[in-house]
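Trainee: Sequence:
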Amino acid sequence: MTISKMFIDMAQFISEAFMRIFTPANDAYPVTGVQPFTGSIYKKGKAVW
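The numbering used here numbers the first residue of the sequence shown as 11 and each following residue consecutively.
All clues stand as given, with none of them false.
For each label pair, taking beta carbons as the anchor points, the in silico distance ranges come out as: (1) S14 - P40: 40 to 50 Å; (2) P40 - D19: 37 to 47 Å; (3) K15 - N36: 26 to 36 Å; (4) T42 - Q22: 36 to 46 Å; (5) P34 - I13: 33 to 43 Å; (6) V41 - A21: 35 to 45 Å; (7) S14 - N36: 32 to 42 Å; (8) A38 - F17: 37 to 47 Å.
In case anyone wonders, no lab produced these hints; they're calculated from the structure. Yeah, the Cβ is synthetic: ideal placement off N, Cα and C, and Gly gets one too.
I would like the entire structure built from these sequences, with the hints used as guidance.
Mentor: Spelled out as structure tokens, the structure:
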């Protein structure tokens, strides 16, 4: 394997890794919107142990 071929392979490997890391995500997350709060509100000094 020549040095130029090794350099080309290394550059391709690094550029593919760079593109994989920095491309925008194409995940199809469902649109959920704002969810209502269903918990209890914390009041300082009124915590139940």
